[in-house]
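Taken in order, these protein sequences are the chains called E and W. Position one of the first sequence corresponds to residue 0 (numbering that gives the first Met the number 0), numbered consecutively onward. Position one of the second sequence corresponds to residue 0 (numbering that gives the first Met the number 0), numbered consecutively onward.
Each statement offered as a hint is correct.
Chain copies aren't distinguished; within one or between two, either way the pair holds.
SDA-like mimics (lysine to any residue), calculated; alpha carbons at most 20 Å apart, straight line:
| id | residue 1 | residue 2 |
| --- | --- | --- |
| 1 | 45 | 189 |
| 2 | 274 | 254 |
| 3 | 45 | 78 |
| 4 | 340 | 353 |
| 5 | 383 | 256 |
| 6 | 238 | 227 |
| 7 | 274 | 297 |
| 8 | 383 | 413 |
| 9 | 238 | 350 |
| 10 | 45 | 70 |
| 11 | 383 | 296 |
| 12 | 340 | 19 |
Hints were generated in silico from the structure; no laboratory data involved.
Number of protein chains: 2
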Amino acid sequence: MRTLQQVRDAVDEIAASSPSRLFLVVLFLVISVFTALLSLPAASVKHTVTPLHDALFTATSAVTVTGLTTVNSGEHWSLFGLIVIMVAMFIGGLGVITLASILAMAVSRRLGVRGKLLAQQSMNTNESGRLGEVGTLLRIIITTTTLIQMGLAVILIPAYWFEDRDLGDAVFHGLFYAVSAFNNGGFVSHANGLVGYEHNLLITMTVMVGVFIGSLGFPVLMVILTCRHHVKRWSLHAKLTVVVSIILCFAGAVVLGALEWDNPRTIGEFSFGDKILYSLFGSVMTRSGGFSVVDQNELNPTSMLITDALMFAGGGSVSTAGGIKVTTIAVLFLAIAAEAKGHSDVRAFGRRIPEGAMRVALSVVVLAATLVTIGCALLLWITKEPLDRVLFETISAFATCGLSVGLSAELPPSGKYILAALMYAGRLGTITLAASLAARQRDQRFHYPEERPIIG
Amino acid sequence: MRTLQQVRDAVDEIAASSPSRLFLVVLFLVISVFTALLSLPAASVKHTVTPLHDALFTATSAVTVTGLTTVNSGEHWSLFGLIVIMVAMFIGGLGVITLASILAMAVSRRLGVRGKLLAQQSMNTNESGRLGEVGTLLRIIITTTTLIQMGLAVILIPAYWFEDRDLGDAVFHGLFYAVSAFNNGGFVSHANGLVGYEHNLLITMTVMVGVFIGSLGFPVLMVILTCRHHVKRWSLHAKLTVVVSIILCFAGAVVLGALEWDNPRTIGEFSFGDKILYSLFGSVMTRSGGFSVVDQNELNPTSMLITDALMFAGGGSVSTAGGIKVTTIAVLFLAIAAEAKGHSDVRAFGRRIPEGAMRVALSVVVLAATLVTIGCALLLWITKEPLDRVLFETISAFATCGLSVGLSAELPPSGKYILAALMYAGRLGTITLAASLAARQRDQRFHYPEERPIIG
Ligand SMILES: [K+]
Ligand SMILES: [K+]
Chain E
0 MRTLQQVRDA VDEIAASSPS RLFLVVLFLV ISVFTALLSL PAASVKHTVT PLHDALFTAT
60 SAVTVTGLTT VNSGEHWSLF GLIVIMVAMF IGGLGVITLA SILAMAVSRR LGVRGKLLAQ
120 QSMNTNESGR LGEVGTLLRI IITTTTLIQM GLAVILIPAY WFEDRDLGDA VFHGLFYAVS
180 AFNNGGFVSH ANGLVGYEHN LLITMTVMVG VFIGSLGFPV LMVILTCRHH VKRWSLHAKL
240 TVVVSIILCF AGAVVLGALE WDNPRTIGEF SFGDKILYSL FGSVMTRSGG FSVVDQNELN
300 PTSMLITDAL MFAGGGSVST AGGIKVTTIA VLFLAIAAEA KGHSDVRAFG RRIPEGAMRV
360 ALSVVVLAAT LVTIGCALLL WITKEPLDRV LFETISAFAT CGLSVGLSAE LPPSGKYILA
420 ALMYAGRLGT ITLAASLAAR QRDQRFHYPE ERPIIG
Chain W
0 MRTLQQVRDA VDEIAASSPS RLFLVVLFLV ISVFTALLSL PAASVKHTVT PLHDALFTAT
60 SAVTVTGLTT VNSGEHWSLF GLIVIMVAMF IGGLGVITLA SILAMAVSRR LGVRGKLLAQ
120 QSMNTNESGR LGEVGTLLRI IITTTTLIQM GLAVILIPAY WFEDRDLGDA VFHGLFYAVS
180 AFNNGGFVSH ANGLVGYEHN LLITMTVMVG VFIGSLGFPV LMVILTCRHH VKRWSLHAKL
240 TVVVSIILCF AGAVVLGALE WDNPRTIGEF SFGDKILYSL FGSVMTRSGG FSVVDQNELN
300 PTSMLITDAL MFAGGGSVST AGGIKVTTIA VLFLAIAAEA KGHSDVRAFG RRIPEGAMRV
360 ALSVVVLAAT LVTIGCALLL WITKEPLDRV LFETISAFAT CGLSVGLSAE LPPSGKYILA
420 ALMYAGRLGT ITLAASLAAR QRDQRFHYPE ERPIIG
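So that you can see chain E by itself, here it is in the shape it has in the complex:
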């Protein structure tokens, strides 16, 4: 009992002094547990021990809700293995949302009363103290996310039953895809994933909507659930997230659709309506669902580059989506717009965005670009594969997107460890960096004299 108390005290102390570090350790431990579970003979169809690099890669991919795979999920893993992956995605998704929420709250606390009120508004906790405690927060997160995933399963289970006429299978696959979609997990429980079901719009469009909802992030979901269509009452964060998400989805769909319109190896032989629907599907999946109905290797190089950019952008903050996050992009573009108009304030929807937020956004982008460049350079060196494929898989891993050109499966163990490290860094890096930077911002009493270098 005494030891337990000591452990709890130690955890409390770390949580108070450095929540980011605690979460980095916890995520590592959770991945280790799932690596062990996936290594069990019972987890594979052949009842053999899965090699460490594949078990670790899959566990990392599932817990970070990325969806990249080194083995064919539907063929390699047993039902037990697939359930382990599903649970890993559920726990990973929940963990990421909880962690990011706690950090956002911690930032608001350190920024003082005014900042606190504002961050609470973003989290939609205007009611005093409702989300004051981590326990309450966790309860609300679990309730909300579980309900949404159950809602998706309720649509997917009959859809799969209608397709395959096997209730047991349909329940399993329905649940699996519901969890995988909402958590932006990207894992599939069939050998061919969604390929072969692309004619069933009930399945693919439900998955698409699930991914989109999941990618908006918890604070935005709370705002929408509470304020609904009263957009004026939405927080700035919710408005920015929704607007940028919609712009990216539709712009991505138009560009990708136009580029692939006549490509017979992707959507070229689909019907007119399906071409449009699956362009939107493809665009939403870069936000970072990671499902696909076409082989990403067959995209033309221009589409791959556009997909790279969309994956790098990612989804909403405090969500299971990865990437640099849409608000980061919004803040940077608003700063540039302010610059172009000669405004000294960065404005959006009648609000001023503090300068500090812009510097945090900048740091996140530079960290992301640096990690992707280093990861890409290492994998180029290891594989000697063309940049197209290596960059695609690197960004997909970093942005925990899970779209794949199949490079993951071809890599030697060293390459798999690099991608796993990228998933880990991509999952927690931007969140913890942004939180720790934002928490440090404070005013300066002493100023150096100003001098302006020439830029550009």
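With the hints as your guide, set chain W with the ligands onto chain E.
Same frame as chain E, now just chain W with the ligands:
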């Protein structure tokens, strides 16, 4: 006479109201003139009319001091053609430096007295009014740059004489490489360029030093010429430029050298000393000289990616180097460092960098990344070539670097026009954008209420 007066009035008016627009038009006209000259039969060895896309590409490449070529300069162009190219580089280099200087001065004027003094300090014009007029400025620029180029020629002419034992040839090539090096022009007057002369360190190292000096930029040269080793008296701009340039050169040399150390198709079979020297040479050339002694196609993919990053970075402001410029990078990294330390001010060398400078830097980077992405996507679409090669040539064009994997020569006319447009945009885009943004910055009286979105 009356018409001339009207034209002059119109030019004066445009120059006063929008110097950037004037320069965009002037550059276009200058390119047109050199396109016409290079189209003349006398300009080619075969005495035939060079196709418009090749003449326009070469003229753009020479005037923007890029150095990309669609035809082998030493084989296609006659002596007259090569002299036209040399003059185009000389005028182009001079024009860019003059333009950028005038814009930097205009910015300082609009930012008010305090800003003016500081910008003058950057231009090293503490003596009252010494550079107050464009005429005086132009005189100083011409004198300084011509003297440096003559200095380089004085070393290169005997070196080529010693190599080839032909005084006339040596004078021509010496002058050509002096102009090409200092202006970061990247053009060569031999069919194989510097390949075949890599054993003559007097030639290659003189070219390297010329490129490095040229890439620092006019304000830094003036500061160094005036204050010499009294570094404390250097402007912040000069300190940042020199420090970042040196870091990039040596870091680039170490990384590129390590990656290519055993590559027999590049530096792998050089002697130990030459491996080190030519790693440094290769690194300096990304800063944007564009000369090479090895085939860039033979670099391993990792080195190509690192080279991409170094070319994108570019050289100093108000120089003939391209890219986003080293002070832009310095400001962004200093902003991130300030963030990490929790400072609200961005500091360097005991000075505070205004927030506005950071937003300008950010805008420049986003503009550059956007143009490169669009250009790269278009060229991928046209060529269906691998991303490695297309990205390399695209960044080289945008950053007016001139290192080439030979894609320029393989492109259909449409692709050549795209690269020419990128050179034009890369040459003037970042400079004019930065100037017009900086000039617009002003203080705001009315502030919206503050609200902070969640970042990352
Ligand atoms: K994913
Ligand atoms: K150049």
